[in-house]
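Given the coordinates of chain W, assemble chain B onto it according to the supplied hints.
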Amino acid sequence: MSDRIGIIGIGQSAFKSRREDSNYPELVREAVALAMQDCGLGFDDIEAVVYSLSPDAMVGIGNAERLGVDAVGAKNKRFLRINTGGSTGISSVAAAYFHVASGACDVVLTAGADKVGECGDSQTVLNKIWDPIYERPLPLGTISMLAMSAVRYMHKYGMSEEDMARVTVKNRRHASKNPNAHLRKECTAEEVLNSRYLCWPIKLYDACPQSSGGCAMILASERYIREHGLDAVWITGVGHCSENYYLGDRMSDTARADHADAFALKNSFARAYKQAGITDPGTQVDVAELYAPFSNTEFHAIEAAGLAELGASPAMLREGQFDLGGRIPVNPSGGVLCTNAIAVTAMVRVAETALQVWGRAGDHQVKGARRGIASGNGGDHQFFGTMVIEA
Amino acid sequence: MELMTRKEVWNITYNHALGKTASEFFTQIKESARILGRRCPSDGRVLVPPRAFSDESLEATDEWVEVGPGGRIEAFTITYEPFQNLPEPPYAFGYVLLDGASTAIGGYFKGIDLSDPARAAEKLVVGTRVKTCFAEEKDRIGDVLDFWFEVQD
Chain W
1 MSDRIGIIGI
11 GQSAFKSRRE
21 DSNYPELVRE
31 AVALAMQDCG
41 LGFDDIEAVV
51 YSLSPDAMVG
61 IGNAERLGVD
71 AVGAKNKRFL
81 RINTGGSTGI
91 SSVAAAYFHV
101 ASGACDVVLT
111 AGADKVGECG
121 DSQTVLNKIW
131 DPIYERPLPL
141 GTISMLAMSA
151 VRYMHKYGMS
161 EEDMARVTVK
171 NRRHASKNPN
181 AHLRKECTAE
191 EVLNSRYLCW
201 PIKLYDACPQ
211 SSGGCAMILA
221 SERYIREHGL
231 DAVWITGVGH
241 CSENYYLGDR
251 MSDTARADHA
261 DAFALKNSFA
271 RAYKQAGITD
281 PGTQVDVAEL
291 YAPFSNTEFH
301 AIEAAGLAEL
311 GASPAMLREG
321 QFDLGGRIPV
331 NPSGGVLCTN
341 AIAVTAMVRV
351 AETALQVWGR
361 AGDHQVKGAR
371 RGIASGNGGD
381 HQFFGTMVIE
391 A
Chain B
1 MELMTRKEVW
11 NITYNHALGK
21 TASEFFTQIK
31 ESARILGRRC
41 PSDGRVLVPP
51 RAFSDESLEA
61 TDEWVEVGPG
71 GRIEAFTITY
81 EPFQNLPEPP
91 YAFGYVLLDG
101 ASTAIGGYFK
111 GIDLSDPARA
121 AEKLVVGTRV
131 KTCFAEEKDR
141 IGDVLDFWFE
151 VQD
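From first to last, the protein sequence lines are chains W and B.
Number 255 in UniProt numbering belongs to position 255 of the first sequence; there are no gaps in the numbering.
Number 53 in UniProt numbering belongs to position 53 of the second sequence; there are no gaps in the numbering.
These are calculated hints, taken from the structure and not from any lab test.
One or more of the hints may lead you astray.
Claimed, not checked - Pairs of lysine-lysine, PhoX-like flavour, derived with a Cα cap of 25 angstroms:
| # | chain 1 | residue 1 | chain 2 | residue 2 |
| --- | --- | --- | --- | --- |
| 1 | W | 128 | B | 131 |
| 2 | B | 138 | B | 123 |
| 3 | W | 156 | B | 123 |
| 4 | B | 7 | W | 128 |
| 5 | B | 30 | B | 7 |
The shape of chain W in the complex, shown without the other chains:
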């Protein structure tokens, strides 16, 4: 694989709670149109489409990629759908990447949208990801699952609720500079700490919103990019890694992986870093868009990415090291904590990282960023996708 693979077009919605003005395929088309406009290609130039769609029940349409097929212009083309839960979007970019890397295609579109706000209660849907035999009778949801991760992280490393609040304050401040973010109002640590408990220790302001919007990206081979004189940034590392299934298997003195941490995310990053030739991410990475739907999970993402030692990130965050203008800005877009349209959330991480190293991130641009990383977490630790993007 000597040729590199480039990102040549990006489109994303301005994410909101609801989009009554657009039905589902119209929302997908909005993002696709923006990405096509961004790269200047036409639908005839696209050879394959990877459709980004997490659980059907979230949009309430079985195999809704069928309904989206015309919105992405996939008729008579290679067309497949990816669903890896929360990491669906980065997995879709990876699938598009491998279409090009294999030599099968020169130009591939990946796109999707979500309307989480139309689902009466996303936790009802997400409760269904658990085993109906041993786990489903318990009121598990993604909030309670990651609240238990927070409890173990607190126990192991001494994280406080104030540490969690600082993540929200940072990300809301970043989101206020990003016109596409959903929650753009800045908040104080007191507001976070005074917000109501959802699942202890996670409070309302420690949690992501339910967003509606779409995202699309167009990838191409280096040869095609050169021949057509296109502008691009480059995907130089792609990683994936899975953890075992049962939550309780990651909780004991003898467990190989601990539910406090994101062990498999670390392995996923190691794979992406190896491909990209990164040996010391703490000094070689300029910007990070890390999947973290709850404030506490940003800490284990930062640590899994190798930007901090295990348990060290709360103190570094307190010092401002992960702020815009800090040593390694984390989630300058405001991150998942401020915008979560589940089907495309992890694609937005890749898109935002690409815009950063392209120098096109606008008011939330990290000055001089040349190399960035993105991640996505799906399921209960089964799908960790990571990427390195370079100018």
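Leaving out everything else, chain B in the frame of chain W:
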């Protein structure tokens, strides 16, 4: 023009097969108020709840082992927010490493005043000893909700 919406409801019934291992596990809970795990022959780990094969060695488990009733809290949360199709809050649940087990099993924590979140969380801190409590025999149906955990005095 007024933008319109349309309400849809999914209500689907499934009847899931539990398989031999889980069926035996639930039979023992229902009939004998005992919690059993399965031992892996290659590394000796006792998987609770029992699995027919190990997530680590990937080999078939080959021996039933009784675990508990005592154990230690490995994780908990206290839910204060109502969610559709989930119980009325507040409620506390989490994972317990039962004595003799290598993995933790989920269950409710009962007998704790949850009205003050901080004080309730202190009582459930990781490492706290708990005991397994079972419903009366007539009320047990063969389900993980046939048992729960209470903090040991």
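**OP:** Could you tell me which of the numbered hints above are not met by this structure, giving the numbers in increasing order?
**Re:** Hints 1, 2, 5 not satisfied by this model.
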